Amino acid sequence: MTIIASGKGIEISQTELQQILLRGKGDGSFAETINKEISLLPPSDNLRMISNDKFLFAKQSFDQWSLFCLVEESNEEILRLISSMNANEEILASDYSHTSCFEITGENKNYYLSKLTHFDLRPKKFPVSTMAQTLIARIDCSIYHLEDKYLVTCHSSFEDYFKDRLQDAINL
Amino acid sequence: MKKKYSFFSILKNSLSHNENWKKMWRSPEPRKFYDIIIVGGGGHGLGTAYYLAKEHGLKNIAVIEKGWLGGGNTGRNTTIIRSNYLWDESAHLYEHSLKLWENLSSELNYNVMFSQRGVLNLAHNEHDIKEIKRRVSANKLNGIDSYWADPKQIKKLVPIMNTENCRYPVLGASYQPRAGTARHDAVAWGYAMRADEMGVDIIQNCEVKKIRTKNGKVHGVETSKGIIRAKRVGVVASGHTTVLAETAGIKLPLQSKPLQALVSEPIKPVIDTVVMSNAVHAYVSQSDKGELVIGAGTDGYNSFTQRGGYNTIEDTLRAIIELYPIFGKMKMLRQWGGIVDICPDASPIISKCEIEGLYFNCGWGTGGFKATPGSANLFAHTIAKDKPHSINAPFSLERFVSGRLVDEHGAAAVAH
Amino acid sequence: MFIINCPYCGERDQSEFSNGGEAHVARPKDPEQINDREWSEYVFVRANPKGIYYERWVHTHGCKKWFNAVRNTSTDKILKVYKLGEAPPSIKEFKNTLKSPSGEPEVGSGNFTVKKT
Amino acid sequence: MSDNKIYFKFDGKRYGGNEGDTIASALLRNNIKFVGRSFKYHRPRGIYTCGIEEPNALVQIINEHNEPNVRATVKKIYEGMVVKSQNRWPSLKRDFGSINNLLSPIFSAGFYYKTFMGPKGFWKKVYEPLIRRTAGLGKPPKEFRSKSIHIHHNVDVLIVGGGLSGLLAAKKLAGTDHDVLLIDRDDCLGGILKNTKKIKSIDNQRTNTWVEKTEWLIKNSKNIKILKNTTVTTYNFDNHLVAFEDKSVGKPPDNIKPELVLHKIRTKHTILANGHIERFISFRNNDLPGVMLAASFEKYIHKYGVVPDQNPIIFTNNSSTFSLLKSLVDLGHKPRAYVDVRDQKKIEKETLELLTKYNIPLYAKSEIEGCDGKNGVQKVSIRIKKNEIIKIKTSMLCVSGGFNPDIHLFTQSKGLIKWDDSLLTFKPDKSYQNTITLGSVSGNFSYEKLIGEINKKLSFLQGVNHLESTLDINGPKKFQIKELWETKHEKKSFWSKSFIDLQNDVTTKDLKQAILEGFNRIEHLKRFTTNSMGTDQGKISSINALGIVSKILKKNVSEVGTTIYRPPYTPVSFSAIAGRSTYEFYDPERKTPLHTWHVNNNAVFEDVGQWKRPWYFKKHTNETMHEAVQRESKQLRETAGILDGSTLGKIEIKGRDALTFINLMYTNSFTKLKPMSARYALMLGEDGMVKDDGIVCKINDQHFIATTTTGGAANVLAHMEEYAQTEWPDMNVYMNSITEQFATFNISGPKSRVIMSRVFNDIDFSNDKFPFMTFQNFNYLDTQIRILRASFTGELGYEIYIPPKYALRLWQRIFFYSRDLDLVPYGTETMHLLRAEKGYIIVGQDTDGTVTPLDLNLNWMIGKKKKDFIGKRSLTRSDIVRENRKQLVGLIPLDKTYGIEEGQHVIEKENLSTPIKKPVEMLGHVTSSYFSPTLKHSVAMALIRGGKRKIGSQLYVSTSDLNTIPVEVVETSFIDPKNERMLL
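Residue numbers (my numbering), protein chains in the order written: chain A, 1 to 172; chain B, 1 to 416; chain C, 1 to 117; chain D, 1 to 984.
Since the hints were derived computationally from the structure, they do not count as laboratory data.
Bear in mind that the values here come from a model prediction, so they are computed numbers and not experimental data.
Please note that the accuracy of each hint is not assured.
[Said to hold, decoys possible] Simulated pairs of lysine-lysine, BS3-like, Cα-Cα distance not exceeding 27 Å: (1) 22(B) with 4(B); (2) 225(B) with 418(D); (3) 213(D) with 326(D); (4) 488(D) with 551(D); (5) 488(D) with 22(B); (6) 2(B) with 512(D); (7) 478(D) with 171(D); (8) 29(C) with 25(A); (9) 40(D) with 289(B); (10) 8(A) with 219(D); (11) 430(D) with 130(B); (12) 80(C) with 251(B); (13) 555(D) with 430(D); (14) 92(C) with 430(D); (15) 917(D) with 29(C); (16) 125(A) with 83(C); (17) 130(B) with 936(D); (18) 551(D) with 22(B); (19) 152(B) with 612(D).
Assemble the whole structure, with the sequences as input and the hints as a guide.
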């Protein structure tokens, strides 16, 4: 984890998280396949996140989930997981570990992010344990509301631009 | 009585405290029957009536306008005129128009201020360069004044342009010296005045609600001022064309979308050329009053509200200050929107249809103003002869069935 | 810039979405069986009404899901959003909704600001 | 000087002002009233108002910006500020352009439409340059990259205006569950409480105390945020409002901190409490410096502590000027005269009492005919009876022509307005959005009714407080007004003018002339005369114009209507609207995992969409692009080359129905394709035109990986998702973009097999084990890579797909293992050249959206047995099967020393006349052209009419200087047509 900017009640750090992007029907067979591998049932409510000490599991829409490893696994294990999930012909699991991840913490994080996104971050609209896909600094991002922080991910080709925007916004 | 305008008429009138000017056009009540009704009192519609009367000697013509003359896209566009289009069909159409523009003020004896200040279409990447070079070559062989300008030449024409230190540097441009701008309102007023003099009834504040047909023939129109019968009806209603066509059971391949524009506060002249860019999307010219006239892109949804997304304005001004950093401290004075009717191939329709006596002139999308005289002239021909002129023959409705489109998307993205 | 209530993500700014034109235009089941004119209508002709419009949107900068909406194109008010596969609401449902912001003519645009007395 | 004054310069002279002064208040403090010249006639102009509505006092600030057209009545001074007057030359007092005023009788409305038409060419060469020289007000600004940011707000209630109504509304919402934003454009809250003497006290507290206390209460309520110096400019659909905040009030600009902040607000309810604007009255020379609106005059007294003139004349048609009168006499100043249009009986008793008490001459039922003076008011003519005019000396004249509710934002919201016959103005009628108007903007000019109005209109909001306040009002309680838009001139003169638009120099005569000429619609009138088209948008005058016009037309004002109020409310700087996503952040640069390596190895980059791709690599600084590309291309065909192909789109497709889906998306058939094999595939639009191409890898019938062009990646995925979701929702198929999850290397050339075998020494790359167009997955370190045997160069080639984290290491390893084999890194230009030699197309270069697979001779790619795929039906339309369509062919110059230019056209004629008068018939155009280092001559591809039948014939290609080059039409494959090198 590298701190890329801090001050004024905000801290932004970059982190690496292994991630699997899952697509599927979300039916019993889907849940079973997943559960067998990670002992966690996929969240069934849209935009909801659940987690145990190893995984964070978020439902992005009716046929799409993202699964983060909170504890670093070996690469082989991730590939094994993916291939076991893909063994179910109605599931598509793609390794998304090469996605840029940022953590934003601090009491001013909402004000700070309001410089970069129109997304309504008020807790009454974006409660803890929910996620959203939206635009931040003109970049397609996913934002996950964890207990006291936001986890923001974007495609890695945008990483330099996104980082520069994050740093710029803290100074202005 | 024919109005004659000149410096002497101004001087003469000033001596009578400007209290003896004549009305530019009458405000007649509609008659029960016309030989030809033109629906839509913008530049294209008024021009059509003018050419019907003047070049085809037709009488008993009315132009019916739901609001005020020139109140639609004629009065809402950024007034760019050029003819450097890619395909032969389009090039001939717009060049026909450009030639008419060059003589329009004197023909109408009304100064439409056609200002041939030249238009640059910028290239920002290799793909743009290839597209523009191809277009310039085609233009040249079509006898149109079109040149490839390198960044040095561009910088000479527009010294304030940031050609190098930007995200997408300016790598070149096409340049058409005969292109330029005109005073949009004046075009509508000039045509209206001269059409009126030849007996055309211009009826404002009269909304056409329905096109009436009988046995596959046009029969007249239903308006807010009652039913008016007609032998032939030409529809030139831009964004609202489909709504009218629908009333006659005709489906047109058009979608109406918001297009926005804005002007800045006036400043002393700083940019004399019209500059358009596709990749850094904005186009700008400076009016004779000193305002920067800036055009945005269309929004991606159908709407009749004459209002587009604020994000589009934002994107346009981002592009403007990217290309002209000195405009950062310019201020936006007014913004507005129009409704543009867009064809799948980004080319217009000037065509008969399956109903006898019913004609459409539409689908000009974001670039109709430049075509005003040409479109009007060819539409008049099409109505008068009941068959298209060779120039507008390719712009028929039939092309969507056969597949013979005139795909100007390359140009349309900057076809404003 | 209006708000669109994505059936999967909730209310979001319109700038996150792309419009997909008229809804409920099914691709012909057997394209070879229809003539050129019918095919060209499918490819090129879409409704363009002023007023109630059944249209498609996709949440491009969000969940990337398609859905349908009923919008009044003369007010830009979204009257209903519904998922693909759901039956389109009857047009009667919108009979009493506002036809235009300022009582302007249905065919014309006018853009009135002053109340007509 | 040891005072705490702020010093600034105006037209070269130094003046002192107080902290908080605007340029205007500081100038008035120094008794400067003449500050600029008008647009058309260059008439002297002064300070007319005390705020945003100012039409006259526009100045240029000379600093890093050189900001033009700054309202002196808004912009606050800072130490060392340099201010210049505008539109004058050489100086304000001696201005060359003022000759226009003499010529004004011929510069009538729209005169330019009627002249400047001949002789031919004069418009361009003579008239327009002359007109342009007179254009504009200020001078262009300078380049200065200020930092303006955007801040987004999502709230429940937005209150626009922190005056009396806005504060009361905020009080009502304080401490509730509603998230509230309160915005005021001034640097302090209070509005009329601070600017006038209209309210004596609130709840027995002095107004200033009440404002302070209320502000404190609001600030501590936690649910309300206050923004000052912030002007709401735009009201969009769905309660989206835009406001800009001036962060540099009283400070010089810098480019470190934001100068302006653009607030973009999304709210559930909008409360407009933005007040009213005073309007003027037109009389002869109503533009002279020294004429000022009455309420503005009063604001200077209270807000800035400047009395612009101790003995002005007050001219009114309404009851509001009591407040100014009271303010002046309380300070011990005595107006020279009080001119009221109304009958003495109608004038409020409070006013009459004051006038009597202080012995101020009252001229009731009288009007100002005009005023005179050089560069400022010296004498005022009062028409006291029909034919009797008296003249009084004075240097200032305060005018009140009534008030307009500030409905700009309300109409932007698409609310409807209506004419009020007693207030003689438009006021809001029906809201279109969730908009509530409070106080004077709603047309309520009576403070007594205010509390009741607010309680009533906001009661629908949950949990709001009940307001109970008592307002002690000074002077008349009810607003009374008599209609007067314009006063008659004493004598008819060519030069006498009553202005209706001060900034654009539109006179009441111009309005009359316009109507005479038939411009009787208000929009026409505006456009013909330019009335209310200035930077102030006619804030103090547009209703007056309507009044005058409706009188001429003998219609009521509702019938005449207004022009549309267009956003923004007041001009906003481009950089504020653009925000931070400009300059260095204009558009993201997308970088591949190998970007740094490319930079270090002298890559010259090309922009492909947002991507930065190596275009070519410079071997040494003097190497030209042509040399580099020739070198790279030659080297690759001799040994091997490597390309970073990471930008190509990659889509993973999976599901029970994946095969059916892929068969519908592409022209090719994948049914018989063996697992772990790949196929070059074409994607069409429903119109039958080529949309994209790429290689589709089949893992099995349920699992595919498709590649796309770099530019097409997002569109292809969106296209697939659209069909999967909307047309075939019952199909079980899913797709993920994996573009960014893999770096891609393309290695090709005769030595590529050797290199691959060395790098991956446990893999068998022989033709048998690893045939062309197959792929395999391998373990590599602790990850997995995929190798595909394919070629876009015509040489033996491989593509490696590897997770980005490992990319650089592998890339370097490849170079390490091929150090004796002259492996050359190459860029996109060499790739284009090599594929052109081979006759492969680039979608978007050799196609332009009008090209079908048949036109490209790619019929073999169409799955003949497939019943359907996207675009298939379009391929049988009459124009698509036409023989004479443009078809792709190869061209070779007959004289091998000639180069063919891309984009030039293929013609049948050898000679072109110059200049070209008649259109030359074109057969088509050159889509690609390169100098082949292998063949040592130009090879080109062209789309030409009936191309297939023209193979073998001789045609001509135009050049950019309008010569022609004879060429031979050939097949498109220039090198190795039998694919022997590729299948090596």
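To see whether the hints hold, each was checked on the structure:
1. 22(B) with 4(B): Distance of about 10 Å is within 27 Å: holds.
2. 225(B) with 418(D): Roughly 25 Å separates the two Cα atoms, so the pair holds.
3. 213(D) with 326(D): Measuring from Cα to Cα gives roughly 26 Å; hence the hint holds.
4. 488(D) with 551(D): 14 Å, holds
5. 488(D) with 22(B): Cα-Cα ~24 Å, so holds.
6. 2(B) with 512(D): 22 Å, holds
7. 478(D) with 171(D): Distance ~25 Å between residue 478(D) and residue 171(D) Cα, so the pair holds.
8. 29(C) with 25(A): 25 Å, holds
9. 40(D) with 289(B): The given pair, whose Cα atoms are some 10 Å apart, holds under the 27 Å limit.
10. 8(A) with 219(D): Holds, at roughly 20 Å.
11. 430(D) with 130(B): 54 Å, violated
12. 80(C) with 251(B): 26 Å, holds
13. 555(D) with 430(D): Roughly 23 Å separates the two Cα atoms, so the pair holds.
14. 92(C) with 430(D): Since the Cα atoms of residue 92(C) and residue 430(D) sit roughly 25 Å apart, the hinted pair holds (cutoff 27 Å).
15. 917(D) with 29(C): 52 Å, violated
16. 125(A) with 83(C): Distance ~22 Å between residue 125(A) and residue 83(C) Cα, so the pair holds.
17. 130(B) with 936(D): 23 Å, holds
18. 551(D) with 22(B): 20 Å, holds
19. 152(B) with 612(D): 24 Å, holds
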